[in-house]
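**Student:** Okay, here's what each chain looks like letter by letter:
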Amino acid sequence: MLEVLRINLCSPLALAFVLGIVSRLVRSELSIPRELYTSLSIYLLLALGLKGGVELSHSSLSELFWPVLVTLGLGIITPITSYLVLRRIGRFSTSDAAGIAAHYGSVSAVTFIASQQFVQTMNYPAEGFMPTLVTLMESPGIQIALAIGAIQTARQAADRTPERGEPKPPARPTSAVLHEVLTGRSMILMVGGLIVGLLMGEKSYEPVKPFFEGMFKGALTLFLLEMGLAAGSRLGDLKSVGLFLLGFGTIMPVIHGVLGVVAGHWAGLSIGGATVLGAMSASASYIAAPPAVRMTLPEANPTYYLTSALAITFPFNIVLGIPTYFYIAKTIAGQ
Amino acid sequence: MLEVLRINLCSPLALAFVLGIVSRLVRSELSIPRELYTSLSIYLLLALGLKGGVELSHSSLSELFWPVLVTLGLGIITPITSYLVLRRIGRFSTSDAAGIAAHYGSVSAVTFIASQQFVQTMNYPAEGFMPTLVTLMESPGIQIALAIGAIQTARQAADRTPERGEPKPPARPTSAVLHEVLTGRSMILMVGGLIVGLLMGEKSYEPVKPFFEGMFKGALTLFLLEMGLAAGSRLGDLKSVGLFLLGFGTIMPVIHGVLGVVAGHWAGLSIGGATVLGAMSASASYIAAPPAVRMTLPEANPTYYLTSALAITFPFNIVLGIPTYFYIAKTIAGQ
Amino acid sequence: MLEVLRINLCSPLALAFVLGIVSRLVRSELSIPRELYTSLSIYLLLALGLKGGVELSHSSLSELFWPVLVTLGLGIITPITSYLVLRRIGRFSTSDAAGIAAHYGSVSAVTFIASQQFVQTMNYPAEGFMPTLVTLMESPGIQIALAIGAIQTARQAADRTPERGEPKPPARPTSAVLHEVLTGRSMILMVGGLIVGLLMGEKSYEPVKPFFEGMFKGALTLFLLEMGLAAGSRLGDLKSVGLFLLGFGTIMPVIHGVLGVVAGHWAGLSIGGATVLGAMSASASYIAAPPAVRMTLPEANPTYYLTSALAITFPFNIVLGIPTYFYIAKTIAGQ
Amino acid sequence: MHTTPLTLLTIVAEAILKDRLIDELTRAGSKGYTLFECEGSGSRHRRVSELLGANIKLETIVSAAVADKLLEVLAVEYFPQFAVIAYLSPVSVIRGEKYV
Amino acid sequence: MHTTPLTLLTIVAEAILKDRLIDELTRAGSKGYTLFECEGSGSRHRRVSELLGANIKLETIVSAAVADKLLEVLAVEYFPQFAVIAYLSPVSVIRGEKYV
Amino acid sequence: MHTTPLTLLTIVAEAILKDRLIDELTRAGSKGYTLFECEGSGSRHRRVSELLGANIKLETIVSAAVADKLLEVLAVEYFPQFAVIAYLSPVSVIRGEKYV
Ligand SMILES: Nc1ncnc2c1ncn2[C@@H]1O[C@H](COP(=O)(O)O)[C@@H](O)[C@H]1O
Ligand SMILES: Nc1ncnc2c1ncn2[C@@H]1O[C@H](COP(=O)(O)O)[C@@H](O)[C@H]1O
Ligand SMILES: Nc1ncnc2c1ncn2[C@@H]1O[C@H](COP(=O)(O)O)[C@@H](O)[C@H]1O
Ligand code: NA
Ligand code: NA
Ligand code: NA
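Listed in order, the protein sequences are those of chains A, B, C, D, E and F. All the letters of the first sequence, read from the start, carry residue numbers 3 to 337 under our numbering. All the letters of the second sequence, read from the start, carry residue numbers 3 to 337 under our numbering. All the letters of the third sequence, read from the start, carry residue numbers 3 to 337 under our numbering. All the letters of the fourth sequence, read from the start, carry residue numbers 46 to 145 under our numbering. All the letters of the fifth sequence, read from the start, carry residue numbers 46 to 145 under our numbering. All the letters of the sixth sequence, read from the start, carry residue numbers 46 to 145 under our numbering.
Hints are computed from structural coordinates only; laboratory data are not their basis. The structure displayed is predicted, hence computed values, not measured ones. Accuracy of the hints is not assured; some may be wrong.
[Unchecked claim] Covered stretches of chain C (chain B as the covering partner; in silico rule of three or more C-beta atoms under 8 angstroms from a C-beta of chain B):
(1) 11-18
(2) 21-35
(3) 221-228
[Claimed, not checked] Label pairs and their computed distance ranges (CB to CB):
(4) A:F67 / D:D68: 41 to 47 angstroms
(5) F:M46 / A:F67: 56 to 62 angstroms
(6) C:I153 / F:M46: 54 to 60 angstroms
(7) E:H47 / C:L240: 35 to 41 angstroms
(8) B:R29 / A:G270: 35 to 41 angstroms
(9) D:D68 / A:G244: 19 to 25 angstroms
(10) A:G244 / D:G74: 58 to 64 angstroms
(11) B:R29 / A:I257: 35 to 41 angstroms
(12) B:F246 / C:L240: 53 to 59 angstroms
Virtual Cβ for every residue (Gly too), placed ideally from N, Cα, C.
If we strip away everything but chain A, and leave its shape as in the complex, we get (with noise of 0.2 angstroms):
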């Protein structure tokens, strides 16, 4: 296990993150225009997703049955734990609750792919059609998150009686956020990636790979230290959200690694395929979930959302939890 941490934080992954939340920590003018960060995370995406429909051309249906129905249980149950936790025991308010449990039921695309590369590195490699349960975890943990809030939200005004000008809830249809999330940037690049890599085949994926392949974690490696720029910018955010959330955001992940972890085996991936779906479950997101959750619920604090999910989660899973994962997965599969 720590010879395994070891080789995880020597990661040029996780170097390059540690790099950027060092530059924000002696306050360097260092800053990624946003238009590359913007590129790359498109790369990225698309890249993951013509990969995993090329991959997916070799899969047969029947395989991808159980793992893409414990995907979708995962994508329920992650926002319901996430809620109730955050709720009942954390005492934040309807929308806060809701908010964050938005961000922990979907799925972070990097820690996906960080967690990819390392059981790669480690030569347990992931079943090929991963990728494809990425996006099938992606929304359904917005919706179910957002609907619970906006729900409560509703039942809670209707409680009380409403006082003098009071400004009315904003108008925004459900139809138009599913649409959001549904059409959003990293559903498009993953899921139109998919269909154009299933479509092409191994033979035409030919000449695009050394471009899409590799370059992939170099790419990533330089994503990584905007990722670590971005999160210890969040850093002095640490102390305004509380030990709870503290706790929350290093104890969630592994109580949904674990989940993952099981219900991959039991789906019966490999052990580098549950680790990879541990990894899923684990992680928070901070593309889709940000601007879905601040516009329908704009009463919920950013502040809470954005630094649990950047900058405890994400640097969490990447150091400790996806090492984690693998040793679960391991340990369960007998090894």
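With chain A fixed as given, assemble chains B, C, D, E and F with the ligands onto it according to the hints.
**Tutor:** Leaving out everything else, chains B, C, D, E and F with the ligands in the frame of chain A:
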């Protein structure tokens, strides 16, 4: 022929273009940062020029003589045929006809690249000096169409008594337009790249080849995603441009394409080379032509020339045109 | 020597730089998006650091001792010689002399990289720890020159009665300037990259090597195109900087270059290493130095230091300087 | 040169509101707008993060009546929950009839 | 603090006009300008396309006379055929003498 | 809709001054600002180069007193040595109390 079509449709380029269009159709928020678009186009044009220059160093002047001549010929004929069809049959105004003709008389670099990649996939690679021909075809068509437009507009203006308060025609000297087209981004990068490639030769090219050649097709895939997004957001304009332009945008390319293939064959080009020359001749510029036309013939409606070049002719060539020109080139060559 | 010059002139780097200058001379509209420029420089500096770090892991401390010492020595001597020449012979004002000296006392990362690539092409690769030396040479020169400037300006101010309403000198504490230079983009990326590279070692470097090493020279070519554009748009200022600065910008590098080569040879560096140290010593910074000087010595005229560093010394080194230092290094080594 | 006195309404808000605010403009009767990307800092530090775009500035030239209608909407629906600032300035516009 | 009352002329136009408009400013006697990239929408949807840059905003601080001369030029040579809007606002400038 | 008359102070300066100018705003009592990237040209062509970013525009809505204090600082500490322009315009702000 059908098999060729299928292969072409399942190429990463065509699929990425379609993905871009679909994203717009489902009203996704996906957008490519303008800076990424600009960066990719700088990269593609420079890479094109460099590779062309390196390969030009293996060519002899005599080999080039006839291909250069027919290319210049096509650059003179295609704007005139386009203008006449648009003015006489399409009944477009002088400015609109000249504006659209400037686009069809020039050449689309991306269509050129796509055709080059296509014949390579088909194992009929084009001659190494083709990029040289592209640089020769880019500018004359624009100049000729704009000259026709200016002359005709002036003649019409002389024919009627000027109204009071009528805006004076913008004083845009031809030399300024000529300078802009000749020193435009695409000319500098392609011609400059050609000369740099020629001077540096194979050996110096080696260390930069992984960047300029290895990444080329992948970068082009990303570029076509953006082209799809741009074309997709013009689909709504298809209604307003009318049926005639829809016909023009698909039939004119075939006529110019066949002309190009025949001329290429006659000039001694290989099947691949003749196909590529056909695609060049058939294509409509949307990089160099639009600003030149907008500046010189501001009364021409941009919706007409942009929509027909980008949303009709470009996809037509990418999907159907190129395989057609290839088929014709093979037939003519007796294969 | 002539052959070496020819090879150097026909390298993609030199040719891309010339293409940039020519584009400006013909007043082309070509421009590289600022974000691409920033992205490329982030990539190049990080890649430089990473590679340096990985190679540093093969070096022993004892090997490094003398090279480090002479590098620090050069970092102390070159700003002083520059200042004295500019002030005494060139009759520049205190601020202008100190401002220009800050540039020549520091190091240009791109000149360093170009010299490294050059000796590699010549089959005299430099030592793997050279990037370490760059990070050591970047900051002292700037600090020393700015200190000289501040002290001299203060002394002069004390010598005369202050005029009424005279602006108070900007209160810019040295610690702020030191912090800015030490945590500047280039320091963080290079030093950070070095440490990351050192920690991760050869094996972890392998998967990101195609990105950080395979693409390096191509990306540098694109970067030099932009450098050429920037230098080209400063050519007009050559007149206003005067003949003295033209001489200074070409003779000072040779003096500092020879000094660097001799010092490098003496410290036990290989021919390649001594050449690179010469180029470093001869080069003038235009990334870290300009903002530091602008902030600390605002009365220094930017046209002087920017034009001499970017439009005189940089091209001089790239085209003539580096081959010269190489020639001298070989002669000294008795080859 | 003849100009028309009109009102320039400027709104600075978090980028996520872009489409919604443009909709509000259109609904209130604005005939056009100009949009800028910007950064900013104010009393609320509620922003969805640097990863997601910073602020936008929307400028629209409208009649006083339309400006007032828009201020109303902003005050009720946006001020309480979003980072936003809005203000009016008097401007003289050429061919001002186009914009009312 | 002493300030000079001057006129701020703002022009929003399609990006392709950038160099031409800067020329017009200089010719009319403006001593400087500030330029922004922006997007926008108005009555004419005539733009050369998203592929070619969107709009620009030019701001120049000038005397009332120069502002008037520039509005004249814009009205005659640019309004009929290009997407452009222009307006004036009163501003108080420090060291305002520099700009007239 | 009730608005408060306030002063909009606009500063255009070379990008390198960004952090220092924001500090000045805060010190002088400004409650917020909005920042834009821009290009420009004026009487001094002293810029650290196109390689290092062009200009920035800072807009801050403040009381007349704060605006005056800031103009003072700019005139004394920045005008002599840096490329900078600053001017005031009157604006009407909703919930204007927040900004004084
Ligand atoms: N006093 C001010 N002057 C100029 N812009 C401001 C001011 N206060 C706030 N802003 C802008 O309005 C946005 C939202 O402000 P707030 O709602 O106060 O957090 C900030 O991010 C700034 O861009
Ligand atoms: N009412 C308006 N308020 C603010 N900006 C406008 C307005 N109308 C037009 N614009 C800007 O001016 C450009 C040209 O407008 P138009 O000529 O009306 O198409 C648009 O793209 C907008 O950026
Ligand atoms: N008359 C003007 N109108 C608008 N902006 C100006 C004007 N003069 C200068 N500027 C802006 O202020 C910056 C500094 O001007 P200066 O100090 O005169 O070189 C320029 O780069 C422009 O962005
Ligand atoms: Na999750
Ligand atoms: Na053509
Ligand atoms: Na030096």
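**Student:** If a hint holds in the structure, say so; if it does not, say that too.
**Tutor:** These are the hints, each one checked on the structure:
1. Counting residues of the stretch 11-18 of chain C whose C-beta sits closer than 8 angstroms to any C-beta of chain B gives 5, which meets the bar of three, so the coverage hint holds.
2. Evaluation of the coverage hint for the stretch 21-35 of chain C: fulfilled, as 10 residues show C-beta separations to chain B shorter than 8 angstroms, against a requirement of three.
3. With 4 residues having a Cβ less than 8 angstroms from any Cβ of chain B, the stretch 221-228 of chain C passes the three-residue criterion, so the hint holds.
4. The hinted range of 41 to 47 angstroms is satisfied by F67 (chain A) and D68 (chain D), whose Cβ atoms lie roughly 43 angstroms apart.
5. Between M46 (chain F) and F67 (chain A), the C-beta spacing of about 59 angstroms keeps the proposed range 56 to 62 angstroms intact.
6. At roughly 59 angstroms, the beta-carbon separation of I153 (chain C) and M46 (chain F) lies within the given 54 to 60 angstroms, and the hint holds.
7. With their beta carbons about 40 angstroms apart, H47 (chain E) and L240 (chain C) fall inside the hinted range of 35 to 41 angstroms.
8. In this structure the supplied range 35 to 41 angstroms holds for R29 (chain B) paired with G270 (chain A), their Cβ-Cβ distance being about 38 angstroms.
9. Checked against the hint of 19 to 25 angstroms, the pair D68 (chain D) and G244 (chain A) fails, with Cβ atoms roughly 37 angstroms apart.
10. Checked against the given bound of 58 to 64 angstroms, the beta carbons of G244 (chain A) and G74 (chain D), roughly 46 angstroms apart, lie outside it.
11. The hinted window of 35 to 41 angstroms between R29 (chain B) and I257 (chain A) holds, with their beta carbons roughly 38 angstroms apart.
12. Checked against the hint of 53 to 59 angstroms, the pair F246 (chain B) and L240 (chain C) passes, with Cβ atoms roughly 56 angstroms apart.
Consistency with the previously given hints fails for numbers 9 and 10, ordered from lowest to highest.
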